[in-house]
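Enquirer: Residue strings, one per chain:
2 protein chains.
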Amino acid sequence: MEAEQSSPPPPPSAGDDCLVFKVNGERFEVPEIDPSTTLLEFLRSKTRFKSVKLGCGEGGCGACVVLLSKYDTVNKEVENFTVSSCLTLLCSINGCSVTTSEGLGNSKDGFHPIHQRFAGFHASQCGFCTPGMCMSLFSALANAEKTNQPQASPGFSKLTVSEAEKAIAGNLCRCTGYRPIADACKSFAADVDMEDLGINSFWNKGDKKEIRLSRLPSYNPKDHTCPYTEELEDEYKSTRLLNSEKVSWYSPVTIKGLQNLLHPDMVENGARIKLVVGNTGNGYYKETDIYGKYIDLRYIPELSMFRKHNSGIELGAALTISKVILYLKEKSKANEYSSGDLLFTKIADHMEKVASGFIRNSASLGGHKHETITMEEFLSRPPLEPKDVLLSVHVPFHEPTRIDGSVHTNSKLFFDTYRAAPRPLGNALPYLNAAFLADISCDRNGSLVNNIRLAFGAYGTKHATRARKIEEYLTGKILSLRVLDEAIKLVKGAVVSEEGTSYAAYRSSLAVGVLFEFLNSFSSVASAISAGSSEELSGSVLEGTAKSINDKISQTGRPPLLSSAKQVIQSSRDYYPVGEPMPKFGAAIQASGEAMYVDDIPSPPNCLHGAFICSTRPVARVKSISFKSNQPTDVISVKDIPREGENIGCMAMFGSEPLFADDLTRFAGDLIGFVVAESQKNANLAAKTALVEYDTEGLDPPILTVEEAVERSSFFDVPPYLYPQEVGDFSKGMAEADHKILSAKIKLGSQYYFYMETQTALAIPDEDNCMVVYSSIQCPEFAHRVIARCLGVPDHNVRVLTRRVGGGFWWKGTKSNAVATACALAAHKLRRPVRIYLDRKTDMIIAGGRHPMKITYSVGFKSDGKITALHLDILINAGVTADISPIMRVT
Amino acid sequence: MEAEQSSPPPPPSAGDDCLVFKVNGERFEVPEIDPSTTLLEFLRSKTRFKSVKLGCGEGGCGACVVLLSKYDTVNKEVENFTVSSCLTLLCSINGCSVTTSEGLGNSKDGFHPIHQRFAGFHASQCGFCTPGMCMSLFSALANAEKTNQPQASPGFSKLTVSEAEKAIAGNLCRCTGYRPIADACKSFAADVDMEDLGINSFWNKGDKKEIRLSRLPSYNPKDHTCPYTEELEDEYKSTRLLNSEKVSWYSPVTIKGLQNLLHPDMVENGARIKLVVGNTGNGYYKETDIYGKYIDLRYIPELSMFRKHNSGIELGAALTISKVILYLKEKSKANEYSSGDLLFTKIADHMEKVASGFIRNSASLGGHKHETITMEEFLSRPPLEPKDVLLSVHVPFHEPTRIDGSVHTNSKLFFDTYRAAPRPLGNALPYLNAAFLADISCDRNGSLVNNIRLAFGAYGTKHATRARKIEEYLTGKILSLRVLDEAIKLVKGAVVSEEGTSYAAYRSSLAVGVLFEFLNSFSSVASAISAGSSEELSGSVLEGTAKSINDKISQTGRPPLLSSAKQVIQSSRDYYPVGEPMPKFGAAIQASGEAMYVDDIPSPPNCLHGAFICSTRPVARVKSISFKSNQPTDVISVKDIPREGENIGCMAMFGSEPLFADDLTRFAGDLIGFVVAESQKNANLAAKTALVEYDTEGLDPPILTVEEAVERSSFFDVPPYLYPQEVGDFSKGMAEADHKILSAKIKLGSQYYFYMETQTALAIPDEDNCMVVYSSIQCPEFAHRVIARCLGVPDHNVRVLTRRVGGGFWWKGTKSNAVATACALAAHKLRRPVRIYLDRKTDMIIAGGRHPMKITYSVGFKSDGKITALHLDILINAGVTADISPIMRVT
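Chains as they are written, first to last, in this note's numbering: chain A, 4 to 894; chain B, 4 to 894.
By construction, these hints were calculated from the structure, which means they are not laboratory data.
Worth double-checking, as some hints may not be accurate.
Any copy, or any two copies together, can satisfy a pair, since identical chains are not distinguished.
Derived pair list, reagent style EDC-like, types lysine to aspartate or glutamate, alpha-carbon separation capped at 20 Å [as the list claims (entries may be wrong)]: (1) K111 <-> D798; (2) K49 <-> D37; (3) K832 <-> E29; (4) K49 <-> D769.
Being a predicted model, the structure only gives us computed values, none of them experimental.
Excised from the complex, chain A in its bound form:
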């Protein structure tokens, strides 16, 4: 081993300096590329495979999921797994085969049954998330066939209904409510109950099972294996390693080789070094740093090994989380270790809740510093320096505590982990992580804590911590209500978020809850035993009890994901075919990813890309905008609106809105500039790092609440047709009421309209002062007029095309106008095509935020709940002005 470590990296073989991979069977050779390029960027800009969508850019939505096939030289087989292409660096797929949804099937070569069933089950609405969903399901189906499960009946996969449902965990959808998607996925499962599948275009209500099955687009696991992998086996049987000076990407195969690359002498001009495994950390850190050298750690055997020691197991730091989970589960199943199997299962279970499958498939164990399995000592040290390399993680075996050298009678180890996050599965940052390890003896006196370790993390501190005070308090105690009560008080003092952490009180109460749940189980066991069983408390009984406790926790702590429901829809033939479950036109090409959204339209030659600079100050003068190093091609602002034109960015309910801030910014988030650059990446970077000088001298402070707006009489004009109408006699209604709420208030905060596809537009100047604008807008007729007025050209000079909207929810009816108009204005000035695809953060600033509202109401109602009088006053806050609009007055 040592000899291997000290040997120099082998000389690169022919072609090692050229990145080679396949996409849907097409071979790509890339001799030069910016190593920070992601697989998503490459696919979307250099290939015709646009099914790979940019949703969040942080591995959080699954819209960009692709299948990666890689030849595993150790197991001598092709591995197929999903990854987020938005995080995967292109160089890290050297020697791989990438499959996108178009690669599974398409309108020309025929659709894959996944596509057909997504269409038939109405599982694709806006369609933006669908190709990623399809890839997640495909990967699950392909890998299910490799398991030892018995062969399913013809037309079905080995996959279970539960696995089918979990297959798409982490793939977000904003339209369907998931039910039809889950149905499409479950329809492949070996154990599916056809009755349980919802409305679809394949069969009629009441059709027999055989008929239903025959109507499903046929699936045969053998016919629908992973494509494009045969050549991979031929070509890549010996691992192909990228070592390229041009690309600044290196793949050392020994620790020594790695050390050489990290040696200061080898680093030119102090260039920053990036150590890469899956690059999933970028989804969280979103770094914009520029690195001079990328080192891929995946080919150093020490970093990718599993090893069993007497004291525990050692896991290479570059192992993916998925592989660690697999390994831990296999080990615990195999019962290889005298103890600790419970612990390994629990750790594996916990890890399955971290991020999504397509993230765990490439995220490394070591790279994920917030994992609870890492050692306390390690965690409490400052973060690793960029050049430090974490080699492996050691997980010790645990044996019951020995007192005076011998194990306590009936002593048993209990271990459990907890994770509370907005979603039980799939990508979501946790509010709290916790892991508890306890050595407990139970007898008729109760449960005695021989030893206990309590770790809490992710609740708003720099790193996870041990709650030592509570551990000390509990050790040697018999668990009683009083003891539990005291422990809980201590938790409240121990789990305290840092200032500025959201939901701090909630996190703290979560800590209380999980500790109570863990400890209370033992109390219950003890009570049960003391309640009358005369059985000997043999070790085996306790073991069984422990298992049941853990199972119970599984059942209660994690409600089964599997959803089951019956959907009964009464369809009348009166308005046939209205109400019939007809497949949506274009649903199949949405699933295959061939459906063309605005950002899928290839950039015309000479196209520029835009990004917005938003004001960070409400009610301020913008004195100047400057750029440090990322000088954009141009900055468009209110000054660039043609003399014949108008500063207009939207025609809304309460009148038109300006495109750009003029003398004063109206609110934080107001548009003050539109930078254009040669790529979206550069435009985003320029906008993000722009230096804006503000001046607020002599200006009134902004109005930030509804109350301030009322106080300063800053109101919208409400158009007459929106004036409230009184219905009935309010006083009479109130007089007749059994119960009255004379006055009460509801305050609604602002809200971000989350759609999978961010705001986007592409403006192409045409001959004779004409402008063609592709916009992801729900109301192209609005953009048409706004653009014509802004540019000061006749309406017929503007053509606005909405091909598809990747989710709208009305904010693509209003906010899209400004986005489209800014592109048109830039294209008009520069006489070049200009496009934009907003990053999620800017989208949240610009398009996010429905006005916060305050509702004051009075209600009178009868004892049976019938309303006799209702009066609502709705106040909408819009930053500097507010609208007092008693929209409704009902009796």
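Start from chain A and add chain B according to the hints.
Expert: Just chain B now, with coordinates in the frame of chain A:
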């Protein structure tokens, strides 16, 4: 001088290895480029200035004319001149400013009065030639202001009507008939007669001159000078020379430097060298050779000098023809030389008939080997080796022949040149050139030939020749009818075209004609004198006579180009505004070049370019198609038509036509393959150099004439609705006729439908098996159906857009179908956009050739010409099949 020659070329100054120039004020820096790239290719593919159209690619049509502005370091002023951008190599415009029609004005910044007047005079029909026309006129207007002519009245140029008309000589138009174009040009002229200008949208019939003038879009020479030249003066006051290894382009400044570059040691791997001045020769030779080194000869003083010796004048070989003309004219005006001024004027006049102004502006004297002024000895030598450099041309002074040391009494030199070509001015290859120099003495006895030189060229031999036998015969003879007759017989024997020369007999008879015209003048003079004048035949009288002869030739040989006509159009108000001279919508943007034709649509990313391989054999099997070195991306043929599709390329009057030859080629020119490559240049080259193996074993010979078709009963089916109808009683009509033609025949050959824009299409695959095709087609509905049937997709999957047609003449109604369908088929197969812009030669093969016809007719008519009976049988020959269709039978 010698010192200068031997000094090494100066070390390149900073930036000398980077090509720098401006286009419409935009600066371009091009560090690397294929040196064979033309200015046209660059403008059309790398800039947004698409006004520069590719018409013929040989400097023959003027559609690509641009204005070049160059700082002349000798005269210290900016020179402005037009060039054909299709021939001009990009590297040769280093340090120049290019102005295209968009640069003169446009829809955004306002149109130039040239654009406005072209629109108002209806001078732009299809619009494809218009931007080039505008540039030619603009150059003439700009340069007119530099002359010493008196200032014109306000609103007018110094340009004369005659010059205005000549300004566009060489710019071809196929739509307008030139009248409106000439009107637009003349409207600027100082001496224009407003009454002479035709119908236009500016004024009404009967408006007074002042009103007319006020209605013309205003022109002020001072406001409309050459744009984009000020910076040129600042930046390029010292000549900027391109010397770049990357580009393989060198600009030596001394003979020695040139020799160094030509030295075998300096030429890597025997790379071929190209000596460049204007590259106009490529228009004729159309070379496809690849050169390893380009040497620009324009900066060597010796090659660009004018020098007067005692024996004559010497002209640097790299001087442009335009400069030589200017020099010769100036010299003859200045009367600097004791004799020979006549000769210089004549040579200058002759040179003005060679090619077009925009060619003469860059074509070099030396480079044009077919010039008649070059020496006989030089001409009879084999062509120059690529590395030989012609330094200069010496034009000797000529004095009357001395006999025994003294000049013959009344002896006078006469010189004239002749050029017969399809067009008197503008680019057209001559049928014959001739130059005659005679020393004649005239007295009452007649005209005595003391000495004579007769040169003929361009009639179908390798080089121009002296007709020595005729010279010998004529010398010492008094010109008489008998002598003339004998001389003419000798010409017939001397001017004999080589085998295969077109119009051989015509060329020979032209030679007879011009010699007769030259010699007969002297006979006439002599006759006139002998007829009675008692005047002394003083030298001055003879001189006057000589002048009048030459003038006479001018008048008779060259009809004045200036056209003058009155156009009276009766417009009725009954159908107002029908018949009103309203400006055509889009005419101004056609003039400014902003109008978008199919080939002006920027190539979508990943676009491929196609080129047709046409069969060279009628009725043959294609065994194989292979490529030597220019391997294209793919070759589409009949095999690529989808199973659901159909081999269809056109739906014509007599049924549909296949797209590709299937088992057998139908005729020479039948489509057998469609190569696609990454650029149009590569596709054309691959198609041109493809090796096609044919097999004709066991096949019937092709039918090549109408007679053969009839003999072999090979007929088209004529659809019933086209059956001829008999009108009246033919026998009765014949019986009543005073005169009868019982049977006669007319044979019409095939014909090429010349449109300025060749056939072109762009096919872009869209989602869901859809195809968007931009085609320069007159009937998009035909292409729509043909493409859908060929691809085997529903009609609604195909969208065909005709934005503009750059001239059609019906062949863009039929032949465009196959062009659009081939692109669509390739795009369908390869799932990439595919476009084509046919080179003129392939266009002539594919789209050219209306079927040759044979008409047999019988007519009976009265003495007053009234037809009493008419019977026509029209036979159309279509290669392998013929159509016997007695279309019309009229009485």
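Enquirer: Which constraints among the numbered hints does this structure fail? Numbers only, ascending.
Expert: none
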